[in-house]
Each structure stands twice: as structure tokens, then as C-alpha cells.
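Since the structure of chain A is already known, use the hints to place chain B on it.
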Amino acid sequence: MTILPASDRSLLVTFGSEISSESYRQVTLLTRSLQGIRGILNLHPAYASVLVDFEPRLRSHDEVEALIRERLASATHAPPLAERMVEIPVSYGGDFGPDLPDVARHTGLAPQRVVELHAAAEYIVYFVGFSTCFPYLGGLPPELATPRLSAPRKHVPVGSVAIGGGQAGIYPLASPGGWRLIGRTTLRLFDPEASPPPLLRMGDRVRFVIAEVCL
Amino acid sequence: MQTTVQDLGRFGYAHFGISASGAADPFAFRAGNLLVGNAENAAAIEMTLIGGAFEFEDDTTIALTGSDFGAGLPLWNPVEVKAGQVVRCGATRSGARVYLSVRGGIAVPPVMGSASVHVMTGVGGHALRAGDVLPIGHSSVRRPRNPARPAPEYVRDGTLRITPGPQSDWFPAGWYTGSYRVSEESNRMGLRLLGPAIPSPGGHMLTEGVALGAIQVPPDGQPIILFVEHQTTGGYPKPGNVISADFCRLGQLRPRDQVAFEQVTLEQALTTLQQQEKWLYGL
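Quick mapping for you: the protein sequence lines, in order, are chains A and B. According to our numbering, the first sequence holds residues 8 to 222 in order. According to our numbering, the second sequence holds residues -13 to 269 in order.
Looking at chain A on its own, in the form it has when it is part of the complex:
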């Protein structure tokens, strides 16, 4: 583990440089153990790191670093297992998933087989981030890994179900994006009126359910 200042009001805590279940465990542990502490303003978990924003008028880098080390040392138990399983209905292919043919070509699988594999796997939300409630999912079957587009799309429709390299995700808002779109869900992943607004949160388990397949 390394702890470095990222700015005059934040520390970046890094657990190695790989996406792994061990780094996920550490990230979850630290994120949970730092919630609700006075002077800690925001926690930004990612694959193998947590950025800790603090109020520089109340806390110093040294104090926050000591707090991080203390919390990690005392939080020896594994984080509680995810209790939520969220099913995401997906319309695959056609206009919903314009990159399904490319994923099939790249992986050497039939499009129908890509859909079956994608929907058979169980995913876990490693973290939520990017611009607004984007869930980064672990658990994509390795044979479905497909590189991102060389130039990002200007407009990805809301609810697009996507593959980016070995990662899976869902676009909560219409936005630019470079991941391969294989389907779309009508489920609302981001609701500014809801509390909290994201449907999917760190640690949730996710399954994709085939609503229809357009080949």
C-alpha cells in the first residue's frame, strides 16, 4: 500500500496496480471504514485505489494518513458480502447494441453465443465513478474481452450495456463513450430524485437478463 498526497486536500491510497479481488477487498474495506468521519469530505474508490478528500482547514495530510493506517489495521474482517442482487433486463443487438457484430468478430463467437455468455455470468460492482453513477463491473467472461473503440462515440444512448476491454459497464446517462455497446436496458440507473441516485452501488451483484435479441 502507498499513500501519497494528490493535492493540498487529498491523499491517494493505492493497493498495487492490478484489478484483482484482493485489491477490491482492500478498497471496499477502506471506503467503508472512512465513511462519516468529520473532516473527510469525499471518498473516490476505484479498482485498486481510494482517493480521500478532506477539509484542509480541519485535517492535515499527516492526520488523515494516520487515520487511514489505523482504520485499515483495525478493520481486519472481510467486508460483509453483498446483500443485493440486481437483475438488469437487456435488449441485445440491433440498434440497442450496434457493436455486437464487432464483439462477435473479435472474439470469434457467434453473436447469440456472446449474448448467452454475457447474460450467464454474475458480476460484482467494483466501484461507481466516472461521470455520474457509472458502475464498473467485474466478472466479464474473459473470452468476451474486446478493445475499446479507437475513437469514442460522441453520443452513447442512456442505458447502453457495454464492454471496454475486460470490463463491463452500463451508461447511466447519455454521454460520449468509447466502450463497445452490445445492448441496452430500460432500467433507470441514475435517478436524481432518488436517494441515493445510483441504482447500482459498490458491492452489489448484477445479472443481465435477456429481454430480447436482435440479430
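To be clear, the hints were calculated from the coordinates, so they are not data collected in a lab. Virtual Cβ for every residue (Gly too), placed ideally from N, Cα, C. Check each hint, because a few of them may be wrong.
Computed footprint of chain A on chain B, listed as stretches where at least three residues anywhere in the stretch have a Cβ under 8 angstroms from a Cβ of chain A [stated by the list, open to error]:
1. 147 to 153
2. 197 to 205
3. 251 to 258
Here chain B is said to cover these stretches of chain A; the calculated rule only asks that three of the stretch's residues, wherever they fall, bring their Cβ under 8 angstroms from a Cβ of chain B [as the list claims (entries may be wrong)]:
4. 12 to 24
5. 137 to 143
6. 197 to 207
Chain B only, in chain A's frame:
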């Protein structure tokens, strides 16, 4: 080119992918509240580049802080307004933003603990439109203060002080010596800068959390300063980060303004922040 209700931001939701938002120039924002006798986080109106006309139904005290939008009222001063009076702000004559603080604060219902509008997502509402009616709240905690003398002069100063970012070792020494122009494509998410390309180290980086004021360098070498509505995670290397005391300068940058960077230590950054606090609490 928008007018929104802001406070100091919505904290505690970055792990849901929602950045704090909040006043783009937190110094001017806080000064405005202090001048009218409000709690410093009371909601106020943030105008960007072009203002608007605001009619008051009751006598009250207001303050305009930040840039000069030609309202014909003294900036950085508590000002008495009468019922029926209209305060008109036009196009900016200096920096990007002015705050209109009203004694009692703007009483919009908080969303997730904050009145701040996150424009890109709609969390906390939307930009104001002609005809909107805003209730005034009860956030005054003391009498209005004396005018701020001398008025702060940071608004036209284009130097941004920075401390090293998490990937500063990946970049050559002195990467920050170029002069940059603020692009028209800048907004509350990020300030895009145009100028000499910063050699991008390339290589693969895992997506990680990003801080307010982070300078990220995409492959084309044109830096982007992550601003109040920034993404919460990102995969571009970050050689530097603007210091907290200069967030107010970020909030006053307009498209086509020139900026340069000056590297300081973390200690200097904190000393500068403390000086700013002293000025604010001297009001």
C-alpha cells in the same frame, strides 16, 4: 452563460460517482454570505459571464461578490435593497462569475444535503429561467458586516499555483512552464487549456479517483483542469493539482483568458489558504 443556485457543495457522494459541485469561486461565495450576515454555506445565486435581473418583494440586504457584471452597485459590500427594487446584472466586465447573496439565503429544498445545482446531471435542480421565484430563507446568523476594504484583486490574475499530482514523477521537470489559453469548451466539469503540449507519458494507468483542481494530461498533451462538476474517477495521468486557495481563480477564468502555472509546496499552499481564511473572517 448560466445562472444557478449554489452553496459550498454536496459532499459524501463521490463513491456514487457524484462530485461535490458547489460555487465555482468559493471565496467570493463565502465573502458574500459573510457580508450579508449569513451562515457561510447559505445558498446564493451564481452568474456566469452574463447576469440577469432580480426583483425583490421585500426590503433586504444583498451583496455582489466576484466579478463586475455592471450592476451599478458596489462589489464586496452589503447593499440595502427596497421592496420592488430590481438588481440588473449584465455581461461581465472582469472575470467569469459574480455571486448575488441575499440576507437569509435562497431557500430551495436541499437535495442530498445541498442546494447546489449539478448542471451536468440535474442533481439539485436546473439553471434559473426568467420568471422563476426563489424564496428567501432564515440563514442569517448575525448583522451584515462592513464593506470589504480593499476589495480582493485576484479576479484578473491568471497565475495558478499548483502542487505535484499523483503522477508528477511521470513527467519531465518543468512540465508546467508553458502559458495556456482557456478554451471555449470549458465548463463546470473542466477547464480545457490550449497551448504547448505537455509530453504525455503514455503507458497504461488504472482508473483512479481524481481530485478537484487536478490537471490531467490526455494523449494530445493539452491539459484539462478538473472543475467543480468533475468526474470522480479517471484514467489520465495528473502531474499537478491547483491549490485550494486558487480555486477562486479557477472560478473567475473566462474562455480566451491566459493562464500560467507556478509550483509551490504543500506548506505554501496551506499558508496561502490560511491567509485567505483570515481575510474572510476579518469581514
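Evaluated hints:
| no. | hint | in the structure |
| --- | --- | --- |
| 1 | 147 to 153 | holds (count 4) |
| 2 | 197 to 205 | holds (count 4) |
| 3 | 251 to 258 | holds (count 3) |
| 4 | 12 to 24 | holds (count 9) |
| 5 | 137 to 143 | holds (count 6) |
| 6 | 197 to 207 | holds (count 6) |
Every hint, counting from the list given before, is met by this structure.
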